[in-house]
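Colleague: This is what each chain is made of:
There are 2 protein chains.
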Amino acid sequence: MAMNRLANLTSFLVMDIARQARALPNAIHFEIGEPDLKPSPKVLEALLEATQKAQVQYTESLGLMALREKIAAFYQRRYGVTVAPQRIALTVGTSGAFLVTYALLLNAGERLLLTDPSYPCYKNFAYVLDAQPVFVPIDATSRYQLSVAQAEYAVRTQAGIKAMQISSPTNPIGNLYDVENLRDLMAFCENHGLYFISDEIYHGLVYDQPAHTALEFSDNAIVINSFSKYFCLPGLRLGWVILPEALMRQAEMLLQNLYIAAPTLSQYGALAAFDEDYLAQVTATYRTRRDYLYAELAQLFKIEAKPDGAFYIWANISDYATDSQAFARHLLQEIQVATTPGIDFGQHQAQAYLRFAYTRELPHLQEGVARLRRLLPP
Amino acid sequence: MAMNRLANLTSFLVMDIARQARALPNAIHFEIGEPDLKPSPKVLEALLEATQKAQVQYTESLGLMALREKIAAFYQRRYGVTVAPQRIALTVGTSGAFLVTYALLLNAGERLLLTDPSYPCYKNFAYVLDAQPVFVPIDATSRYQLSVAQAEYAVRTQAGIKAMQISSPTNPIGNLYDVENLRDLMAFCENHGLYFISDEIYHGLVYDQPAHTALEFSDNAIVINSFSKYFCLPGLRLGWVILPEALMRQAEMLLQNLYIAAPTLSQYGALAAFDEDYLAQVTATYRTRRDYLYAELAQLFKIEAKPDGAFYIWANISDYATDSQAFARHLLQEIQVATTPGIDFGQHQAQAYLRFAYTRELPHLQEGVARLRRLLPP
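Chains A and B, in that order, give the protein sequences.
If you're matching positions, the first sequence starts at 30 in this note's numbering and goes up one per residue.
If you're matching positions, the second sequence starts at 30 in this note's numbering and goes up one per residue.
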């Protein structure tokens, strides 16, 4: 019998919760992992102009060279890293980048090192391709970072691990990897013939220190990012992946066959997305919210890792409940507060956590906090 | 050793040829499988309005219900078929529909019945998922249709065939399946527990007779279509798949995980795409070109199947050459006429054919014909 590629597939719970919450007119939305801020007006202008020109033909499969060049320039400006635009492929969101990357690197039965918790779709991309995730638990004891010792143990005890995938800042915790640890993990991968995949989608939404791209440390890193978070354009479905040059031809074939190309208007719109003044405001807005919500939630829940970035807070609810999904349902029913249960992100200590997103304006967050205060015993 | 999912992957040759042709300022483009006509002005208005409203958030994974309802109404109006909008999922082009459908139906090692020739990506979606295409040759002797006898033979001799995939009108030939044959193939699939997948992307571009959707004959048919051809919106990357109700929950999970959702602006734009007056003009324009180019090419090449639809002519070049790729290269070099070699679409008689697309205005087609006349011996 063939393995059932869907047997382990998990629903992306947060989408189901978001749907329930949308049906409640007074819901407070801490569940949503997409920015509420409008994108730069320059992007909207570029989209209008491209629409007026009826830019609805396919682009090349790797995407508009002008946009790939702008992305390369962004890496130079932001990180001081030189990336050839030829190594950048535009994708249908980071979703497209993950599918293409995993299809490139992993054959059926081969393994992908992931952290538990992590973004729930990573493992599901692997399952669809009959590749096997190997979960390494991360928690407060390691400041929510995978360690070289853990990776070494995984590689020693499980055959066929071909790649390691992390995100920094992480989803759902929001912590950044320490630079030394990032460098050590990458060196470990190089030494053991593993590909290192760095999901940097929350770069830009980092509040207290500069973020480092994995490309600062090796050209063999595979870096994935998108216009969905920092650039406030989730519905454009536009991301990118930066690959070692040797993988580009196969990546292009996969993109041709699996996508033809990323959406054309989105690509023209994104040409205007590197609007630094506007982006600085985006960061400042989310920093203010992070400061507010972290201070408030820390009085209600144990928060072991103050988030460095992204727009999430990982709150330990074990003083109140032992089942995160039941507790999330309880909050939704009793006070119309929508959150994402920890079990959306893995198994390890997952029942003890909720993820709170600060993707709404301060008064909305304040109302949510007030409701939580009323419901939860002091 | 794990099977290499990329080992059999083929480059989508037409994309490479298109790139070479774009570099030639005086090239004649018979290679391009995308409409040159602008979309309905109503679509552009809807896109402008959605952009002004900054509609760049994610939609639900299955897509905007308003658009799914419009698609359902289109099936009622066009074919007299009632389809619940709940059975319609919006996808990232037909590309997204194929990936989700094959992932739903086929586990690793299981088989998919395809015709040879056919759209080159079908098999590559299967390869990426470690599913195995079973190719059934079609040619002039069967008027380029798969027959029940062929399907029966395939199922009798090869284990694990789970689904049959056809397109009508076909790419690359443009012929429609006879209604009786379509019905017989579908009955065969029902009787043998196979899923029947009908790629109807060229519906609307059918010139001499009404086209029939597979949904007229069974609710178990899986129908795939998009806004890329008839609606002249390839760059929107928006398609749809209609599935049996029992598959919808798993389809939604796959869409959530693999795509999050189809592009948002595209979905709002497509709300205005069912502009019947405009669509009638699109059909008339391509009919005129079909009539012209078919009459002309029939004097230069053997054309065994006058195309009923799509925007392709499948021309037998065996009076001139025995290698379709070399002949296509010859035409591109000598007279800057770009075509697609038959081998892009399969193996069966593939060296004997070129595909000509009529996706440019008449004077452009006329210039191409004049160049061919000058080059080819009478």
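Misleading hints may appear alongside valid ones.
In this list, chains with the same sequence are indistinguishable; a pair is considered to hold if it fits within one copy or across any two.
List of simulated lysine-lysine pairs, DSS-like, C-alpha gap at most 27 Å [what the hints assert, rightly or not]:
| no. | residue 1 | residue 2 |
| --- | --- | --- |
| 1 | Lys331 | Lys82 |
| 2 | Lys191 | Lys67 |
| 3 | Lys82 | Lys191 |
| 4 | Lys99 | Lys71 |
| 5 | Lys191 | Lys331 |
| 6 | Lys82 | Lys71 |
| 7 | Lys331 | Lys67 |
| 8 | Lys331 | Lys99 |
| 9 | Lys191 | Lys71 |
| 10 | Lys191 | Lys335 |
| 11 | Lys99 | Lys191 |
Hints in this document: simulated from the structure, not taken from any laboratory.
For clarity, every value in this text was computed on a predicted model and none was experimentally measured.
Colleague: Look at each hint and say if it fits the structure.
Modeller: Hints versus structure:
For the homomeric pair lysine 331 and lysine 82, neither the shortest alpha-carbon distance inside one copy (53 Å) nor that between copies (40 Å) is at most 27 Å. For the identical chains of this complex, lysine 191 and lysine 67 are neighbours neither inside a copy (39 Å) nor across copies (46 Å), given an alpha-carbon limit of 27 Å. Within a single copy, lysine 82 and lysine 191 get their C-alpha atoms no closer than 45 Å, and across copies no closer than 44 Å, so neither meets the 27 Å cut-off. Taking CA atoms no more than 27 Å apart as the test, lysine 99 paired with lysine 71 passes inside one copy only; the shortest distance there is 15 Å, against 32 Å between copies.
For the identical chains of this complex, lysine 191 and lysine 331 are neighbours neither inside a copy (36 Å) nor across copies (51 Å), given an alpha-carbon limit of 27 Å. Taking the shortest alpha-carbon separations for lysine 82 and lysine 71, both the intra-copy value of 16 Å and the inter-copy value of 14 Å come in at or below 27 Å. Taking CA atoms no more than 27 Å apart as the test, lysine 331 paired with lysine 67 passes in neither setting, with 32 Å inside one copy and 57 Å between copies. Taking the closest pair of Cα atoms, lysine 331 and lysine 99 never come within 27 Å of each other, the shortest separation being 42 Å inside a single copy and 49 Å across copies.
For a Cα distance limit of 27 Å, the shortest separation of lysine 191 from lysine 71 qualifies neither inside one copy, at 41 Å, nor across copies, at 49 Å. Proximity of lysine 191 to lysine 335 under the C-alpha cut-off of 27 Å is found in neither arrangement, the shortest distances being 32 Å within a copy and 51 Å between copies. Within a single copy, lysine 99 and lysine 191 get their C-alpha atoms no closer than 31 Å, and across copies no closer than 45 Å, so neither meets the 27 Å cut-off.
Consistency note: the structure conflicts with the earlier hints numbered 1, 2, 3, 5, 7, 8, 9, 10 and 11.
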